[in-house]
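> Note that the protein sequences, when read in sequence, are chains W and L. For the first sequence, the UniProt record's numbering gives the first residue as 1, with consecutive numbering after it. For the second sequence, the UniProt record's numbering gives the first residue as 1, with consecutive numbering after it.
There could be a bad hint or two in this list.
All copies of an identical chain are treated as equivalent in the list; a pair is satisfied when it fits inside any one copy or across any two copies.
[Stated by the list, open to error] Simulated pairs of lysine-lysine, DSSO-like, Cα-Cα distance not exceeding 30 Å:
id, residue 1, residue 2
1, Lys64, Lys103
2, Lys122, Lys210
3, Lys282, Lys378
4, Lys64, Lys282
5, Lys103, Lys378
6, Lys103, Lys122
Simulated from the structure, these hints should not be mistaken for laboratory data. Since the model is a prediction, treat every value here as computed from it, not as a measurement.
Residue strings, one per chain:
Protein chains: 2
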Amino acid sequence: MPRRAHPDRSFTAETIAIGSELLIGGRSDSNSLHIAEALGALGIELRFKSIVGDDRADIMAAVKTAVARAAVVIMTGGLGPTVDDCTREAVAVVTGRRLARRKEALDGMQARLAQWGRSPNKGQLRQALIPSGAAVVPNPVGSAPGFWLTWTGAIIVALPGVPREMEAMLESSVVPLLRSRRQGAAGGPRPMARLVFHTWGLPEADVDAKLAGLVPARWNVDLGLLASPLGVLVSLTTNPRSRVLPDDLATLADGVRARLGEWLYAEGRETMEEVVGRLLAKRQLTVATAESCTGGLIGHRLTQVPGSSAYLDRGVICYSNRAKTELLGVPPALIETHGAVSAEVAAAMADGVRTRAGVSVGVSVTGIAGPGGATPTKPVGLVYIGLNAGDGTIITHEHRFHGDRSTIKQRASQAALDLLRRWALRREAG
Amino acid sequence: MPRRAHPDRSFTAETIAIGSELLIGGRSDSNSLHIAEALGALGIELRFKSIVGDDRADIMAAVKTAVARAAVVIMTGGLGPTVDDCTREAVAVVTGRRLARRKEALDGMQARLAQWGRSPNKGQLRQALIPSGAAVVPNPVGSAPGFWLTWTGAIIVALPGVPREMEAMLESSVVPLLRSRRQGAAGGPRPMARLVFHTWGLPEADVDAKLAGLVPARWNVDLGLLASPLGVLVSLTTNPRSRVLPDDLATLADGVRARLGEWLYAEGRETMEEVVGRLLAKRQLTVATAESCTGGLIGHRLTQVPGSSAYLDRGVICYSNRAKTELLGVPPALIETHGAVSAEVAAAMADGVRTRAGVSVGVSVTGIAGPGGATPTKPVGLVYIGLNAGDGTIITHEHRFHGDRSTIKQRASQAALDLLRRWALRREAG
Chain W
1 MPRRAHPDRS FTAETIAIGS ELLIGGRSDS NSLHIAEALG ALGIELRFKS IVGDDRADIM
61 AAVKTAVARA AVVIMTGGLG PTVDDCTREA VAVVTGRRLA RRKEALDGMQ ARLAQWGRSP
121 NKGQLRQALI PSGAAVVPNP VGSAPGFWLT WTGAIIVALP GVPREMEAML ESSVVPLLRS
181 RRQGAAGGPR PMARLVFHTW GLPEADVDAK LAGLVPARWN VDLGLLASPL GVLVSLTTNP
241 RSRVLPDDLA TLADGVRARL GEWLYAEGRE TMEEVVGRLL AKRQLTVATA ESCTGGLIGH
301 RLTQVPGSSA YLDRGVICYS NRAKTELLGV PPALIETHGA VSAEVAAAMA DGVRTRAGVS
361 VGVSVTGIAG PGGATPTKPV GLVYIGLNAG DGTIITHEHR FHGDRSTIKQ RASQAALDLL
421 RRWALRREAG
Chain L
1 MPRRAHPDRS FTAETIAIGS ELLIGGRSDS NSLHIAEALG ALGIELRFKS IVGDDRADIM
61 AAVKTAVARA AVVIMTGGLG PTVDDCTREA VAVVTGRRLA RRKEALDGMQ ARLAQWGRSP
121 NKGQLRQALI PSGAAVVPNP VGSAPGFWLT WTGAIIVALP GVPREMEAML ESSVVPLLRS
181 RRQGAAGGPR PMARLVFHTW GLPEADVDAK LAGLVPARWN VDLGLLASPL GVLVSLTTNP
241 RSRVLPDDLA TLADGVRARL GEWLYAEGRE TMEEVVGRLL AKRQLTVATA ESCTGGLIGH
301 RLTQVPGSSA YLDRGVICYS NRAKTELLGV PPALIETHGA VSAEVAAAMA DGVRTRAGVS
361 VGVSVTGIAG PGGATPTKPV GLVYIGLNAG DGTIITHEHR FHGDRSTIKQ RASQAALDLL
421 RRWALRREAG
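Modelling step: build the complete structure from the supplied sequences, incorporating the hints.
Here it is as C-alpha cells:
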C-alpha cells in the first residue's frame with residue numbers, strides 16, 4: 001500500500017472517531033482531546049484526527065490513510081451491539097483478518113453483565129467478535145471489549161466511544177502497551193510536556209505583551225494563547241524536537257507566573273470554582289450568592305466542586321425586583337433611583353445576602369444579558385459585580401461584556417468568582 | 001495523484017479544521033457541525049472530518065487526502081495574521097499556485113479595520129495573500145478574508161476558524177456558490193433531511209422498542225438513537241440514496257410523535273428550558289425554584305432563554321439546612337425526621353418557594369450529587385423532585401441517577417424541568 005514518508009512517523013499518532021452523530025448529529029468528539037494528552041505524556045505526538053460515520057467503507061478508508069502517516073492509530077466508537085457498529089468488520093477487512101468470537105472477550109462481558117444481573121443478548125454477543133491475531137483490551141467499566149493489533153508497522157487500537165469506558169481502557173491497557181513499545185524503541189524523542197495557565201481579566205493582546213520575549217526561540221517550546229469567554233489560556237508545549245530540560249521548563253513556568261501575577265487564576269486542569277473553593281475551605285470562610293442576570297450559574301459552578309457545602313451556605317436568584325427586595329432587603333427606592341442594573345443595587349444585594357445568611361462574604365451580580373433589556377444608557381453586556389465582607393469591605397465593579405446571552409452570563413460569573421478569589425487571597429484565615 | 005473511486009464523490013464533502021489547539025489544546029472543533037448542516041441542506045453529504053495542527057506539511061497531507069475522496073473540501077482556521085497561520089501557504093504549495101497580495105482582499109480588510117479606527121499591521125497584510133486563480137471570499141464580520149479554488153475536480157474553500165466569521169462567510173458566499181454548482185450538475189441526489197426528537201425519562205432500549213418497525217427498510221431513512229445525560233435523542237435522517245418524499249418523512253415524524261407521546265419533550269434545536277419557557281409564557285404562568293443538589297443549574301438553564309424574566313420570579317439555592325428553613329420555611333423537625341434528602345422535604349421546599357414568591361408553581365430538588373454524602377439507605381444519585389401549584393397539586397418523584405457529580409446534577413435538573421413541562425401542558429391558561 002502507498003505510504004507517505006514522514007520523518008517522525010515512529011512517534012506520531014492519529015485518532016479516528018467513529019459515529020454518524022459526530023458527523024451530523026451535533027455531538028463533538030471529546031475523546032481525542034483526552035487521548036492527545038495521554039499520548040503526549042509518552043512522547044507520542046498526535047498529528048491528525050479523523051472523524052467518520054458508521055460506514056464500513058469510510059472507516060476502512062480512514063484506517064488506510066491513518067496507518068500511512070502515523071505509527072499509532074487509536075479508534076474510538078463503533079463497537080456497540082447494533083448493526084450500525086461496524087468498526088470490528090472494517091478493521092478485519094482492511095487488515096485481512098477473520099472475525100471470530102473470542103472466549104476471553106465473551107468471558108469479560110459475561111462477568112460484567114452478571115454484576116448487573118443480566119446475561120448477553122444477541123447484539124452483545126457480536127461485541128465479542130475480535131479480528132484474528134488481535135489482542136483483547138478488557139473493559140473494566142462497560143460491556144464492550146476493545147482490541148489492538150499491528151499492521152504494516154502501525155499499532156491499531158479500537159476502543160468504545162463512551163468516554164468513561166474509553167478513558168478507563170486507555171489508562172489500564174493502552175498506555176502500558178504503548179509505554180512498553182516506546183521503551184523497546186531505540187533513541188527517540190522525549191515525552192512532550194505541556195503546562196497550562198488560566199488568566200482572567202486581561203485582553204489577549206495584553207497577555208501577549210506581558211509574555212513577550214519570555215521563551216528563547218532556540219528552546220523549541222511553543223507559547224500558545226487561546227481566548228475564550230472564561231479568559232485567556234496560556235500554554236507552554238514542548239514537542240519531540242524540543243531539547244529543554246525539566247528545570248528549564250520550570251524556570252519558564254516561574255516566568256509566566258511572575259509576569260501574569262494575580263491575573264493568573266489557575267494552572268492545569270483546575271477550574272476557577274475549584275480555586276475559589278480551595279481558598280474558602282482553607283481559610284474556613286463561608287459564602288452566599290445573589291444573582292440576577294447570571295440566573296444561578298455562579299451557584300451551579302460553585303456546586304460543581306465536591307464538598308462545596310462546606311463553604312456555600314445559600315444563593316438567591318432574584319430575577320424580579322420584588323425578589324431583590326423580599327429576599328435581600330434591597331430598598332425599592334434604591335432600585336427606583338439607580339435602576340436594578342447599577343453599582344448601588346449590586347452593593348445592596350451583596351450586603352443583603354451576606355447579612356441574612358450570616359456568612360463571611362456575599363457576592364452579587366446584576367446586569368443585562370440581552371438580547372433585550374437595553375436602554376439608551378445601559379447597553380446589553382453592562383454588568384455590575386458586588387462583594388461585601390463582614391469586615392467592612394465593600395467592592396463593586398462595572399463590566400461591559402460582548403457576546404451573546406450565554407457568553408455574557410459566562411463572563412459575568414467568571415468576573416464574580418474572580419473577585420471572590422482575589423478577596424479570599426488577601427483575607428487572613430477566618 | 002492517487003484517487004479512490006467513490007460512487008458518490010460528486011456529492012460528498014470533507015472538512016479540515018486547522019489549529020494546534022484543536023489537537024492538544026482542549027478545544028473541540030464546532031465549526032464542522034455547523035458546516036455539516038449547511039451542506040446537508042444542499043444535498044451534499046459530509047463524510048469525513050479531519051483535524052490537523054498548524055503544520056504546513058500536515059495541512060498539505062490532509063488536503064491531498066480530502067480531494068481524493070470528496071468533491072467539496074472546506075478548511076477552517078489557519079488564516080490569522082501570525083506565522084503559525086499557514087493554510088494559505090499549504091494550499092498554494094499543494095495546488096501549485098503562487099501566493100500574491102490581492103487588491104480586493106486588502107480593500108475589504110482595510111474597509112473593515114477602518115470601521116474600528118485601525119489600519120492593517122504587518123501580520124494582517126499577510127492575510128491578503130491569496131493563491132493565484134483563487135476567488136476571494138469576503139469576510140463581513142472580521143478582517144481575515146477567505147478564498148476558494150478548484151483543483152483536480154474538487155472545490156477547496158478556506159475560511160477563518162472564528163465561528164462567527166466562518167458562519168457568516170459560509171452563509172453569504174459558500175452556500176450560494178455550492179448551490180449554483182449543484183444546479184449546474186445533471187441529476188444528482190436530493191437535499192438531505194434530518195429530523196431530531198428529544199426524549200426524557202425512558203431508557204434507550206425502551207425508546208428503541210417503542211419505535212421498532214416504524215421505518216420501512218426500503219425507504220433508506222436512518223433511525224438513530226443517541227443517549228446523553230439529558231435523555232435519548234431520536235433522529236430520522238435521509239441520505240442521498242433515499243427516495244422518500246417530504247410527505248413520507250412527515251408521516252414518519254407523526255409516527256415518532258404518536259409512539260413517544262409525552263416522553264417527547266422537544267424537536268429540532270429546541271431545548272427543554274425553551275419548551276418550558278414557551279409553555280409558561282403562553283399560559284401566563286410564573287415559577288420559582290428551590291434547589292439544593294442542583295445548586296442553581298435549573299435557574300441557570302431557565303435564564304438561558306431570552307425573555308425568561310416574564311415567568312421566572314426567583315430561585316433559592318438552599319445548600320444548608322438552615323437556608324432551607326430560613327428561606328423556604330421548611331420545619332427543622334421535618335428535616336430531622338426524614339433527612340434533607342427526602343420526598344417530604346422536597347414537597348416542603350416546593351410549597352415554601354411557591355407561597356413566598358406568590359407564583360403559579362414552585363419546583364424543588366434535593367438529592368445527593370456525590371461523590372460524598374451517601375448513607376447506607378441513601379446512595380449517591382438519590383434525588384427527590386417536588387412540584388407545588390396553587391390549585392392543590394402536589395407531586396414528588398424519586399429518582400436514582402447514575403454517573404458523576406456533574407451528570408447527576410444535569411439529570412436532576414432535566415427531571416425537574418420535565419415535571420414542570422408536563423404540569424404546564426395539563427394546566428389551563430392562568
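> Please go over all the hints and tell whether each is borne out by the structure.
Evaluated hints:
Taking the shortest alpha-carbon separations for Lys64 and Lys103, only the intra-copy value of 29 Å comes in at or below 30 Å, while the best inter-copy value is 42 Å. Taking the shortest Cα distances, Lys122 and Lys210 sit within 30 Å of each other only across copies (19 Å), while inside one copy they are farther apart (61 Å). Only between protomers do Lys282 and Lys378 lie at most 30 Å apart by alpha-carbon distance; the minimum there is 29 Å, versus 39 Å within a single protomer. Taking the closest pair of Cα atoms, Lys64 and Lys282 never come within 30 Å of each other, the shortest separation being 54 Å inside a single copy and 55 Å across copies.
In this assembly of identical chains, the alpha carbons of Lys103 and Lys378 never lie at most 30 Å apart, being 69 Å within a copy and 39 Å across copies at closest. When the C-alpha separation of Lys103 and Lys122 is checked against a cutoff of 30 Å, the pair qualifies only within one copy, where the shortest distance is 16 Å, while the shortest distance between copies is 64 Å.
Hint compliance for this structure: hints 4 and 5 are not met, and every other hint is.
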